[in-house]
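Peer 1: Listed here are the chains, written in short residue letters.
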Amino acid sequence: MNIIYLLVREIKYFTNFQNKMYQFLLFFQPLIFLTIVYFLQQLRGDVNTDRFVVASALISMWSYVLYSSGSSLVSQRWNDTLKLIIAAPMSLFQVIISKAFSNSIIALITMVLSFIYAKFIFGFSIHIENYYLFYLSVLVLIFSLCVVGLILAIVFASFQNVFDYQNLIHTPIILICGVFIPVDQLPAVIEYIAYGIPMTWGIKAVYEAIDLNTMMYTSMIVSIFVSFIYLFLAVFIIRKMEMVLRQHGKWGAM
Amino acid sequence: MLDIVIEVKNLTRFYKLKEGNKIALDNVSFDVKQGEVFGLLGPNGAGKTTTIKILTTLLLPTAGEAKVLGLDVVTESQKIRDNINFVYGGERGVYGRLTGKEYMYYFCTLYKVKHREQQALIERLLDLVGLKDAENQIIHTYSKGMIQRLHIARSLINEPKLLFLDEPTIGLDPVGAKLLRDLVRELSNRGITIILTTHYMQEADDLCDRIAFIRDGKISTIGEPIQIKESCNHLNLYEAFMSLDQTNALQKDKMFKNLEVDELKDPFVHLKFETDSLAETEITSYLEQFGQVLKLRKREISLEDAYIYLMKDAG
Chain A
1 MNIIYLLVRE IKYFTNFQNK MYQFLLFFQP LIFLTIVYFL QQLRGDVNTD RFVVASALIS
61 MWSYVLYSSG SSLVSQRWND TLKLIIAAPM SLFQVIISKA FSNSIIALIT MVLSFIYAKF
121 IFGFSIHIEN YYLFYLSVLV LIFSLCVVGL ILAIVFASFQ NVFDYQNLIH TPIILICGVF
181 IPVDQLPAVI EYIAYGIPMT WGIKAVYEAI DLNTMMYTSM IVSIFVSFIY LFLAVFIIRK
241 MEMVLRQHGK WGAM
Chain B
1 MLDIVIEVKN LTRFYKLKEG NKIALDNVSF DVKQGEVFGL LGPNGAGKTT TIKILTTLLL
61 PTAGEAKVLG LDVVTESQKI RDNINFVYGG ERGVYGRLTG KEYMYYFCTL YKVKHREQQA
121 LIERLLDLVG LKDAENQIIH TYSKGMIQRL HIARSLINEP KLLFLDEPTI GLDPVGAKLL
181 RDLVRELSNR GITIILTTHY MQEADDLCDR IAFIRDGKIS TIGEPIQIKE SCNHLNLYEA
241 FMSLDQTNAL QKDKMFKNLE VDELKDPFVH LKFETDSLAE TEITSYLEQF GQVLKLRKRE
301 ISLEDAYIYL MKDAG
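Heads up: the sequence lines are chains A and B, in that order.
Numbering follows my numbering, with no gaps: position 181 of the first sequence is 181.
Numbering follows my numbering, with no gaps: position 200 of the second sequence is 200.
Don't read these hints as lab results, they were simulated from the structure.
Hints may be right or wrong, so weigh each one.
[Unchecked claim] Here are the simulated DSSO-like cross-link-like pairs (lysine-lysine), alpha carbons at most 30 Å apart as the crow flies:
#, chain 1, residue 1, chain 2, residue 2
1, A, Lys250, B, Lys132
2, B, Lys295, B, Lys252
3, B, Lys9, A, Lys240
4, A, Lys20, B, Lys114
5, B, Lys67, B, Lys101
6, B, Lys252, B, Lys161
7, A, Lys83, B, Lys272
8, A, Lys250, B, Lys16
9, A, Lys250, B, Lys144
10, A, Lys250, B, Lys295
11, B, Lys9, A, Lys12
12, A, Lys83, B, Lys114
13, B, Lys33, B, Lys101
14, B, Lys229, B, Lys218
15, A, Lys240, B, Lys254
16, B, Lys16, B, Lys218
17, B, Lys229, A, Lys83
18, A, Lys250, B, Lys252
19, B, Lys79, A, Lys250
20, B, Lys161, B, Lys67
21, A, Lys12, B, Lys33
22, A, Lys83, B, Lys295
23, B, Lys178, B, Lys254
24, A, Lys240, B, Lys79
25, B, Lys67, B, Lys114
26, A, Lys83, B, Lys112
27, A, Lys12, B, Lys178
28, B, Lys252, B, Lys218
29, B, Lys178, B, Lys272
[Said to hold, decoys possible] Output of the computed footprint for chain A on chain B, the stretches with three or more beta carbons under 8 Å from beta carbons of chain A:
#, region
30, 56 to 65
31, 230 to 243
Built from N, CA and C at the ideal position, the CB exists for glycine as well.
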């Protein structure tokens, strides 16, 4: 029950809509992508707008999760609040996952906005065969974004110049995870890497849910399975991290 | 006989550096009794914060043993954390965009305080530290003193039996520092054992029941402030008020040890110094060669005098 309260407090207290970058990612970036889609459609006429509306939402969702969850632990270091959190009875894992989950939920705003912009500003007609299955696939995607955010928070915790590294992986992940190009059309090595990322399966499930492709259930199950592997990995790494911190007393040891 | 709540035996801690191991704590042993205010005093890098980090279970010792409330700091850290809390000095450790009340709610959740009890607890604690009127102000607008008091309120969320205060008054103005000292006294009166590190000797003298001087990772002296001061009673410390004719000549003179000259309104000065064996009449007649002695008296040993003397000795 405490984790639910923590999640609510994370959303309420730490979602920073005043941050200009987050404002751009959540509210304006989908608008820019949808404008491009609009002109593409005007030029070519045969653009799959459903897929591109979802793609523009996915890019903004990923961007928000990357920058918010990715910085969540390092910002605690900068604030000097990390030791207060580590010393509290709530485990560090619970604290970080509540941050990652809260950021993934907030990222959902951009998905909703993308559909609103697409329908009411650009006049796209959206064809989703079964909304319940689509919502379900989005939930699976949110879970996968959450665990990826959790891993990013841990990985980036030790970096001082965290934003440089975030910029470095931003676009490659969009390309690898099949936002624009289906993963099976990528070179074999990259394909293997892509299938190791839970988001790839979540994104695949969302696209398949739009078309009611029967493979969507498999994609959802695999996404949840891979996400859980990441989750267990995160539990292990965080425990190890706490131990290393206690042994060495400084982040440099990480 | 009071119960021992902290038991430290031969505690040692190395830090691995590129240029080799640095000893932060070297076979330190001491204990703290229940309800005491125990002061750890020493220069920067002496090992005070390392000691506190180990006792708050944030750092593992390299060797030796430390028990807090009878629990081992290495193997029973979680149980210890449930019963202690800490405050580090300075303005950091807060979320500036939150209000004081939101900050407290967040930490209540981290400390697993029952949801229905949180509001009453927060009101009580913010009232105790004098921040009730500022509870809805964002922390960015708080003064240093208010942030420190908020830290104290945060540290009381889990009703700790032991509270570690690491330089809590650092950077505070005199009023803010006094408010904080009053708060520490109030907490001590409530039966909370307090471990305090500070650079301010007067503060340590006012607040602490016992004090340990630590230098280069070793405890050099331990005892009640009065005992420590009495151990330096052999020092002949004097102060004098003079109307000086030859300031430079006095400052260059080697007769007195640790001579400090505070210039008041010209030509008056306030002197502090130490002598080995001169009597008051001899001191007066010696000083007369530099000007007129208005007042001379033997000074009572302060904790600062004892600290300077004993730490110099330890070095």
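Peer 1: For this structure, which hints from the list above don't hold up?
Peer 2: When the structure is compared with the hints, numbers 1, 4, 5, 6, 7, 10, 11, 13, 15, 17, 18, 21, 22, 23, 27, 28 and 31 turn out to be violated.
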